[in-house]
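Enquirer: Chain residues, written in single-letter form:
There are 2 protein chains.
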Amino acid sequence: MNTHRTILGLRAEVLRFKRSGQSVAFVPTMGNLHSGHYRLVEIARERADRVVASVFVNPTQFAPNEDFERYPRTLEADAEGLARAGCDALFAPDSAEMYASEAGLAVVSVPALSNLLCGAFRPGHFDGVATVVAKLFNIVQPDFAIFGEKDYQQLAVIRAMVRGLSAPVEIVGAATVREPDGLAMSSRNQFLSPEERAVAALIFQTLGAIARRYRDGESVDSLESYGSAQLKQVGFNVDYVAVRDALTLGAVSADQAAVVLIAARIGSTRLIDSLKIELNA
Amino acid sequence: MNTHRTILGLRAEVLRFKRSGQSVAFVPTMGNLHSGHYRLVEIARERADRVVASVFVNPTQFAPNEDFERYPRTLEADAEGLARAGCDALFAPDSAEMYASEAGLAVVSVPALSNLLCGAFRPGHFDGVATVVAKLFNIVQPDFAIFGEKDYQQLAVIRAMVRGLSAPVEIVGAATVREPDGLAMSSRNQFLSPEERAVAALIFQTLGAIARRYRDGESVDSLESYGSAQLKQVGFNVDYVAVRDALTLGAVSADQAAVVLIAARIGSTRLIDSLKIELNA
Numbered sequence: 001m002n003t004h005r006t007i008l009g010l011r012a013e014v015l016r017f018k019r020s021g022q023s024v025a026f027v028p029t030m031g032n033l034h035s036g037h038y039r040l041v042e043i044a045r046e047r048a049d050r051v052v053a054s055v056f057v058n059p060t061q062f063a064p065n066e067d068f069e070r071y072p073r074t075l076e077a078d079a080e081g082l083a084r085a086g087c088d089a090l091f092a093p094d095s096a097e098m099y100a101s102e103a104g105l106a107v108v109s110v111p112a113l114s115n116l117l118c119g120a121f122r123p124g125h126f127d128g129v130a131t132v133v134a135k136l137f138n139i140v141q142p143d144f145a146i147f148g149e150k151d152y153q154q155l156a157v158i159r160a161m162v163r164g165l166s167a168p169v170e171i172v173g174a175a176t177v178r179e180p181d182g183l184a185m186s187s188r189n190q191f192l193s194p195e196e197r198a199v200a201a202l203i204f205q206t207l208g209a210i211a212r213r214y215r216d217g218e219s220v221d222s223l224e225s226y227g228s229a230q231l232k233q234v235g236f237n238v239d240y241v242a243v244r245d246a247l248t249l250g251a252v253s254a255d256q257a258a259v260v261l262i263a264a265r266i267g268s269t270r271l272i273d274s275l276k277i278e279l280n281a
Numbered sequence: 001m002n003t004h005r006t007i008l009g010l011r012a013e014v015l016r017f018k019r020s021g022q023s024v025a026f027v028p029t030m031g032n033l034h035s036g037h038y039r040l041v042e043i044a045r046e047r048a049d050r051v052v053a054s055v056f057v058n059p060t061q062f063a064p065n066e067d068f069e070r071y072p073r074t075l076e077a078d079a080e081g082l083a084r085a086g087c088d089a090l091f092a093p094d095s096a097e098m099y100a101s102e103a104g105l106a107v108v109s110v111p112a113l114s115n116l117l118c119g120a121f122r123p124g125h126f127d128g129v130a131t132v133v134a135k136l137f138n139i140v141q142p143d144f145a146i147f148g149e150k151d152y153q154q155l156a157v158i159r160a161m162v163r164g165l166s167a168p169v170e171i172v173g174a175a176t177v178r179e180p181d182g183l184a185m186s187s188r189n190q191f192l193s194p195e196e197r198a199v200a201a202l203i204f205q206t207l208g209a210i211a212r213r214y215r216d217g218e219s220v221d222s223l224e225s226y227g228s229a230q231l232k233q234v235g236f237n238v239d240y241v242a243v244r245d246a247l248t249l250g251a252v253s254a255d256q257a258a259v260v261l262i263a264a265r266i267g268s269t270r271l272i273d274s275l276k277i278e279l280n281a
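Heads up: the sequence lines are chains S and E, in that order. For the first sequence, this note's numbering assigns the number 281 to the last residue and increments by one with no breaks. For the second sequence, this note's numbering assigns the number 281 to the last residue and increments by one with no breaks.
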């Protein structure tokens, strides 16, 4: 597996893949890889002849008060893990390479999905995500791109960006990989103290309880209050507990699948998770 | 020359070009083609093996009060002219094909360049332009794209969009094609009454006079006032006469090339034009 620091180097390798008629699946990450990411690589290998991953902690999707500085950087271990997982090329640019002239020169946004839920708590976050993903797609030019469903709103934003801009890439969503107690795998889990880690699984339990009670006919308002109360009881600061339409992320509609989404902070760590409620499940 | 109404159809033809190792140059237009457009096709043929043009009057770059409805549609003549000019494929989608789900689902913007000059008079215009061009690039996936320098700010916005998003396309600017009296060719010229047409060439004369006087050392403020006065005298409503830095479109700097830009309305028609002032020219 070659690691490329430059856009030119990565493009030259992808061009070699394409010239020999091979399809390319892409796994964009912010590094500090865990089993959830390696599952994305596995899915990528099932889809395409070649797998390209990227590791880039994108500054433009962090607000000034957020954890950009402390976000874990573990490139050496990530590269080893990706090579073992069967990744063919790694793109690991620095910020100067990605935003050569200036960050924010061109901005991609998905207005209808970017200001609700996490967007309301992280202004500019989804513009940063949509922009860097659009740019990475232009650099890698993959046939497929694989994203985890854990970041449910992010996946919705990216799908809308691709549809809206006719980006020539097929987006593949991958089921969330969880710890044995149900906590969604996340690079931010390592910030949790033992006490925080012990209660963190309550997020997934709450998602499950809400899904069951929703199918039993309980109202959205009642479920959102219930979920918040559950989490606050053990010390979470709740950004939101929301039952939404699984496609639009707007108010849930009777004939569409729903999704439960939670964002909550414990100590200085913000965790998010989600669970789709299948119709007639 | 095949005319394609659908993204799928156009992509299939471009794929055939690329599979046989041919490069592609792209000429995006809003139709109602004139010699200026055909010059773009000529430049495209010099650059690449195959030429793809598009004709699409993009609704998202017109404000509600603007001339979207009366913008001339002459697809049949355009297709004939393009075929004669040596164009290999024409993409002529309708709005439903381009904005299948919804217009404005994803928006591309270039904040630093979009709100000044024409952007101040046409809110949202350059977001519409950057978005539709990014989308057309994703659909056509050309190696080169050719744009006229007449729409100077548009060209600057597109260059910034491409750089900011690392779009894999090389932008080629083409010198403005003019009528014998200097009026820049434009689809909007046909809206001019004989009387309006008679004075319209004053725009180009004013650009030239400003360029000469700038090189002679006259101040930007004085030149902008002079230009406005000239145009108002014959009945123009002047949106702006501006001498700017040719690269950033910001305040002109001594060591950079400058550009003079004019936007002015006569009757119900808005005309724009520009002239670069070469250093030491």
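Calculated from the structure, these hints are not laboratory results. It cannot be assumed that every hint is accurate.
[To be verified] Label-pair ranges, simulated between beta-carbon atoms:
#1 S/74 x E/73: 49 to 59 Å
#2 E/70 x S/102: 50 to 60 Å
#3 E/193 x S/16: 39 to 49 Å
#4 S/163 x E/23: 50 to 60 Å
#5 S/63 x E/175: 36 to 46 Å
#6 E/16 x S/42: 51 to 61 Å
Ideal Cβ placement from N, Cα and C applies to all residues, glycine included.
Enquirer: All the hints need checking, so say for each whether the structure fits it.
Expert: Hint check results:
no. : hint                     : in the structure
1   : S/74 x E/73: 49 to 59 Å  : holds, 57 Å
2   : E/70 x S/102: 50 to 60 Å : violated, 38 Å
3   : E/193 x S/16: 39 to 49 Å : violated, 60 Å
4   : S/163 x E/23: 50 to 60 Å : violated, 28 Å
5   : S/63 x E/175: 36 to 46 Å : holds, 44 Å
6   : E/16 x S/42: 51 to 61 Å  : violated, 34 Å
Hint compliance for this structure: hints 2, 3, 4 and 6 are not met, and every other hint is.
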